[in-house]
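Q: Sequence:
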Amino acid sequence: MKKIGSVLFTCILIALAWIICGLVCADYKVFSLYYWLAFGFGLLILIVVSIANALLKSGSTATYEVNSLPAVYSFAYLLIGLLFNIIFMVQPFVAYKNVLIIVNVILLLLYVLAVSFSARYADRVAGQLDLTAAKTANMAEIASLLARLLSQAKDEEVRKKLYSFKEKVDYSTNISQGFTADLEEELIESLRNIGRGLDEGISKEQILSKIDNAEQIFGMRNAKISTVR
Numbered sequence: 001m002k003k004i005g006s007v008l009f010t011c012i013l014i015a016l017a018w019i020i021c022g023l024v025c026a027d028y029k030v031f032s033l034y035y036w037l038a039f040g041f042g043l044l045i046l047i048v049v050s051i052a053n054a055l056l057k058s059g060s061t062a063t064y065e066v067n068s069l070p071a072v073y074s075f076a077y078l079l080i081g082l083l084f085n086i087i088f089m090v091q092p093f094v095a096y097k098n099v100l101i102i103v104n105v106i107l108l109l110l111y112v113l114a115v116s117f118s119a120r121y122a123d124r125v126a127g128q129l130d131l132t133a134a135k136t137a138n139m140a141e142i143a144s145l146l147a148r149l150l151s152q153a154k155d156e157e158v159r160k161k162l163y164s165f166k167e168k169v170d171y172s173t174n175i176s177q178g179f180t181a182d183l184e185e186e187l188i189e190s191l192r193n194i195g196r197g198l199d200e201g202i203s204k205e206q207i208l209s210k211i212d213n214a215e216q217i218f219g220m221r222n223a224k225i226s227t228v229r
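Each residue of the sequence shown is one higher than the one before, counting from 1 in our numbering.
FYI, nobody ran anything at the bench for these hints, they're computed from the structure. For each residue, glycine too, the CB sits at the ideal point set by N, CA and C. There could be a bad hint or two in this list.
Straight-line distance between alpha carbons at most 27 Å, and here's what the computed BS3-like set of lysine-lysine pairs gives [to be verified]:
(1) 210 to 160
(2) 161 to 224
(3) 154 to 166
(4) 168 to 204
(5) 204 to 161
(6) 168 to 154
(7) 210 to 161
(8) 166 to 210
(9) 168 to 210
(10) 224 to 166
(11) 224 to 210
(12) 204 to 166
(13) 224 to 154
(14) 154 to 210
(15) 154 to 204
(16) 204 to 160
Here are the computed distance ranges between Cβ atoms for each label pair [unchecked claim]:
(17) 179 to 116: 36 to 42 Å
(18) 40 to 68: 28 to 34 Å
(19) 76 to 143: 15 to 21 Å
(20) 87 to 109: 18 to 24 Å
(21) 219 to 159: 17 to 23 Å
(22) 155 to 177: 22 to 28 Å
(23) 105 to 9: 25 to 31 Å
Sequences and hints are given; from them, build the entire structure.
A: See the structure below:
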C-alpha cells in the first residue's frame, strides 16, 4: 500500500508543478494548439494515474510486492507520457499533428490495460492467500493450543506426552481438507477440555487419558488424509 500511496503523493506534486510551469511558460500572444493540447494531455495523465491508484489503494488487500506492480506501471506512464508531451510543448512538430493525439491515446490504453491486469492479478493472489489461511486455520489453532497446554502443565510425564504430541502435529500436513474438518474441530475441543482439566487440577491419569484420546483423533485425521492421497 505504501507504493500506491507514494504514486498519489508524486502525482499531486507533479500536478502542481505542471500547472504552474505550464501557465507561466505559455505564450499568451500567440495561441499554440499543440502547446495547450500537450498541456491538457499532461494533466489528463496525472488525473488518470491518481484516480487509478486511489481506487487500487481503497480496494486492494494484496501484499506489498504485488501492489508494487501498478506503482511501477504508473511511474513508467508518468515518465514517458509527460516527457512526450513536454517535447510538443517546447517544440511543436506541425508536420506530425496527429502524432500527439495518437501516441497519448495509445499510452493511455496501454496503461489502463496494464493496471487492469495487475489489479486482477493482485485480487487473485489475495484470494489464494485467504484460501490458504482458511485451510490452515484449524491446524494453526491446534498447534497454538498444544503450546498453551505445555506452558500450563507442570507434571513432567504430562509435559513429555504433550511435547511428543506437538511434534507429531508439527511434522504433519497443516492443510485442512473438507473431510477432516469435523475431526479437527473435535480435536480442538478435546485440547480445550485438557486445558480446563489442568486449570481444575484433575488427576494426572485423567489428563494422560485425555491426551491419548486427542492423539487418537489426530491419528484418525491423518489416516483419512493418507487414504485419500
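Q: Taking the hints in turn, state whether each one holds.
A: Results for each hint:
1. 210 to 160: 14 Å, holds
2. 161 to 224: 23 Å, holds
3. 154 to 166: Holds, at about 16 Å.
4. 168 to 204: This hinted pair holds, its Cα atoms lying about 22 Å apart.
5. 204 to 161: Answer holds: residue 204 to residue 161 is near 11 Å, not above 27 Å.
6. 168 to 154: It holds: about 21 Å lies between the C-alpha atoms, which stays within 27 Å.
7. 210 to 161: Roughly 11 Å between the alpha carbons, so the hint for residue 210 and residue 161 holds.
8. 166 to 210: Since the Cα atoms of residue 166 and residue 210 sit roughly 15 Å apart, the hinted pair holds (cutoff 27 Å).
9. 168 to 210: 16 Å, holds
10. 224 to 166: 19 Å, holds
11. 224 to 210: 21 Å, holds
12. 204 to 166: 18 Å, holds
13. 224 to 154: 33 Å, violated
14. 154 to 210: Holds, because 16 Å separates the two Cα atoms, which is no more than 27 Å.
15. 154 to 204: Holds - the C-alpha atoms of residue 204 and residue 154 are around 10 Å apart, at most 27 Å.
16. 204 to 160: Roughly 13 Å between the alpha carbons, so the hint for residue 204 and residue 160 holds.
17. 179 to 116: 36 to 42 Å: 38 Å, holds
18. 40 to 68: 28 to 34 Å: 30 Å, holds
19. 76 to 143: 15 to 21 Å: 44 Å, violated
20. 87 to 109: 18 to 24 Å: 20 Å, holds
21. 219 to 159: 17 to 23 Å: Holds: the Cβ-Cβ distance is about 21 Å, inside 17 to 23 Å.
22. 155 to 177: 22 to 28 Å: Violated, at about 35 Å.
23. 105 to 9: 25 to 31 Å: Check passed, 27 Å falls within 25 to 31 Å.
Against the hints set out earlier in the document, violations occur for numbers 13, 19, 22.
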